[in-house]
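S.K.: Those protein sequences? They're chains A and B, same order as listed.
When the count follows numbering that gives the first Met the number 0, it moves up by one through the first sequence with no breaks and lands on 102 for the last residue.
When the count follows numbering that gives the first Met the number 0, it moves up by one through the second sequence with no breaks and lands on 450 for the last residue.
FYI, nobody ran anything at the bench for these hints, they're computed from the structure.
Given the structure is predicted, the values throughout are model-derived calculations rather than measurements.
Where a beta carbon is used, it is the ideal one built from N, C-alpha and C, also for glycine.
There may be inaccurate statements among the hints.
Quick look at which bits of chain A chain B covers, simulated, 3 or more residues with Cβ under 8 Å [claimed, not checked]: (1) 27-37; (2) 44-53.
The list that follows gives simulated cross-link-like pairs (lysine-lysine, DSBU-like), each with its CA atoms no further than 35 Å apart [stated by the list, open to error]: (3) Lys22(A) with Lys186(B); (4) Lys100(A) with Lys92(B); (5) Lys34(A) with Lys100(A); (6) Lys440(B) with Lys417(B); (7) Lys447(B) with Lys5(A); (8) Lys186(B) with Lys100(A); (9) Lys34(A) with Lys186(B); (10) Lys186(B) with Lys5(A); (11) Lys5(A) with Lys440(B); (12) Lys425(B) with Lys186(B).
Estimated spans, in silico, between C-beta atoms of each pair [to be verified]: (13) Lys34(A) with Asp15(B): 31 to 39 Å; (14) Glu107(B) with His65(A): 49 to 57 Å; (15) Ala67(A) with Glu269(B): 35 to 43 Å; (16) Val449(B) with Ile38(A): 42 to 50 Å; (17) Tyr19(A) with Thr188(B): 30 to 38 Å.
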Amino acid sequence: MSAQPKTPQVDNDSMEDRLYTVKYNDPGDSHLDVKVSDICMQCDSYDCVRVCPANVWRESEEGVPHIAYENCLECSSCRYACSHDNVVWTYPETGAGVTFKHG
Amino acid sequence: MTPQLDGDAVAEPNYDDEFDAIVVGAGLAGSAAALTMANRGLEVLMIERGSSPGAKNVFGGVCYTPTIRELTDFDGAPLERYVAERRFGMLSKSDETAVSISPGEWHEEPHNDSYTVLRGEFDEWFAEQAVEEGTTLVTSTTVTGLVRENGRIVGVETDRPDGTIRAPYVVLAEGGNSLVSESADLKATENRENVAVGVKEVLEFPQRDAVIEDRFRLTDDAGVSYHYFGEGAVGDAFGGGFIYTNDDTISVGVAYRIEDAVAADQSPEETLNAFKSHPAVAPLVRDARTVEYSAKTIPEGGAESIPDLVHDGAAIVGDAAGLVLNNGVHLEGTNMAVESGYHAGNAIARAADQGRVGADALQAYPDALERSFVVQNLERYAWMMDAVEADRDLLFEDLPRAFADAGTEYFRMDRTPKEAHAENAKRAVLDAVGGWTGAAKLALRYRKVVT
Ligand SMILES: Cc1cc2nc3c(=O)[nH]c(=O)nc-3n(C[C@H](O)[C@H](O)[C@H](O)COP(=O)(O)OP(=O)(O)OC[C@H]3O[C@@H](n4cnc5c(N)ncnc54)[C@H](O)[C@@H]3O)c2cc1C
Ligand code: SF4
Ligand code: SF4
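So here's chain A without its partners, still in its complex pose:
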């Protein structure tokens, strides 16, 4: 017997494959934004990026995070995470955005 406990391999889907499991209806433009770009340029914590479970918020060269809003699961975590209260968060209109089958 091996010395280490035998743990079966768990294959996790990539983020891309995970996001493929949910239905998404593109509202056309982003329901997320930042209030003041300058605040992001001076921000060094990037808590929006750290908390997001769907890789929507991404660090970018310009200092203001890039927002891949089509990935958004509408969980609202980024709204609370930003300690500078700099996230503009609205719901995608008229039912657009993510649709969960199971939930």
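Take the given structure of chain A and dock chain B with the ligands to it, following the hints.
M.R.: What follows is chain B with the ligands alone, placed relative to chain A:
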């Protein structure tokens, strides 16, 4: 009263002033409120932003149903399994020490009113019950603001053409991400210490039949609710992991405070992966296929975070009012959502009978909630979050490790007498808690969890 059709090019019904009450959100709290008011003869409009009720909703897994059962015929409800076993596992990096409870009584109807459900189906069914009682349901419509006149709330704005709808009462059942209530200054935005991020996967096992029954030792409709905490579940964050069995899928996820999530060296997705790979969890989830990935926040501020529940012309219910109990042992919001919707609906029906709309006329709702299990439970555990926060290293890291060590010592198979093993086991735990005095203090501090 039949809503009138607009004569214009847009063949949308004109709902303005046609209803006695508007419910914002067709989640559990909203449908409970709508059902209660419709039952009492009110004309109710329920507005939901998803394409169907439940389409935007995510939760862990167990719906607690004592109130739903009272409100409607429960026989057709889309339940997955009843909870026959609850397991609490303390995970250190590579060990598990667990307590499991499976009383015979839970196998009997009404199964302790604890059932795993999937919200897509369940919320749709529950909203349907409100519709059958006469509620008008509008989907794919987002409420964007409240209409006020002389300080009183008299209706809602929506994102539909001519989207303003007036009604004497508005029930805010919009869930924890309560943009409408917050923008109308009915409540403050929660701090990130009081909100958890939850990520979840629904998994199926395509390769073999009866995997769920075999792995979780189940027959028929019996199911399990497994909760995990400690380092191996969510690192050093405040929160835990869960596994719930559905009919032919399982729900697996982690939920922990946003305050800790931003400080952690891994993303929520990576935390979920690590939890699924723990030696005690991996055998339960291996060879699965992900059928859905989802995420949602949980308001965890407890009793201290409950906002004013009634305003002139409006009431706040469910997660929008912060009514969730999450203390590691209990994770309950579904029952509180339904209970609060029910009491708010009742209070509004009574006020409507008297033709009154002021906050004072709705006071029966907070009064009833105060007396119900909802506020009683939240207040009972209010101290606990602070205590757990103060003891977090001990509870989430040192103790899980100490119990694992103690177990290892106690059952050690060698040629030393058992007395020495027992002594080592005792020492492992006592060292972690700070000796007998520490143990006594700890027991005293947490006695209310069980007594
Ligand atoms: C990860 C996780 C795990 C959980 N596990 C459990 C558990 O195992 N057991 C348990 O009892 N509880 C659990 N909970 C808590 C439970 O899910 C909630 O307490 C419960 O869903 C609250 O119901 P609600 O009706 O108040 O809000 P929600 O279920 O959030 O419903 C709100 C509704 O309003 C709609 N809405 C929001 N804004 C608008 C708008 N502006 N216009 C129109 N519609 C709008 C939404 O689309 C949604 O349908 C969990 C929560 C999470 C996030
Ligand atoms: S949104 Fe907030 S957390 Fe994110 S970069 Fe800007 S200021 Fe920082
Ligand atoms: S709402 Fe959730 S999924 Fe969407 S961007 Fe914010 S953190 Fe990411």
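S.K.: Each of the hints needs a verdict: does it hold here or not?
M.R.: Here's how the hints hold up against the structure:
{"no.": "1", "hint": "27-37", "result": "violated (count 0)"}
{"no.": "2", "hint": "44-53", "result": "holds (count 7)"}
{"no.": "3", "hint": "Lys22(A) with Lys186(B)", "result": "holds, 32 Å"}
{"no.": "4", "hint": "Lys100(A) with Lys92(B)", "result": "holds, 34 Å"}
{"no.": "5", "hint": "Lys34(A) with Lys100(A)", "result": "holds, 32 Å"}
{"no.": "6", "hint": "Lys440(B) with Lys417(B)", "result": "holds, 29 Å"}
{"no.": "7", "hint": "Lys447(B) with Lys5(A)", "result": "violated, 39 Å"}
{"no.": "8", "hint": "Lys186(B) with Lys100(A)", "result": "holds, 31 Å"}
{"no.": "9", "hint": "Lys34(A) with Lys186(B)", "result": "holds, 21 Å"}
{"no.": "10", "hint": "Lys186(B) with Lys5(A)", "result": "violated, 50 Å"}
{"no.": "11", "hint": "Lys5(A) with Lys440(B)", "result": "violated, 38 Å"}
{"no.": "12", "hint": "Lys425(B) with Lys186(B)", "result": "violated, 49 Å"}
{"no.": "13", "hint": "Lys34(A) with Asp15(B): 31 to 39 Å", "result": "holds, 33 Å"}
{"no.": "14", "hint": "Glu107(B) with His65(A): 49 to 57 Å", "result": "holds, 55 Å"}
{"no.": "15", "hint": "Ala67(A) with Glu269(B): 35 to 43 Å", "result": "violated, 18 Å"}
{"no.": "16", "hint": "Val449(B) with Ile38(A): 42 to 50 Å", "result": "holds, 47 Å"}
{"no.": "17", "hint": "Tyr19(A) with Thr188(B): 30 to 38 Å", "result": "holds, 32 Å"}
The structure shown violates the earlier hints numbered 1, 7, 10, 11, 12 and 15.
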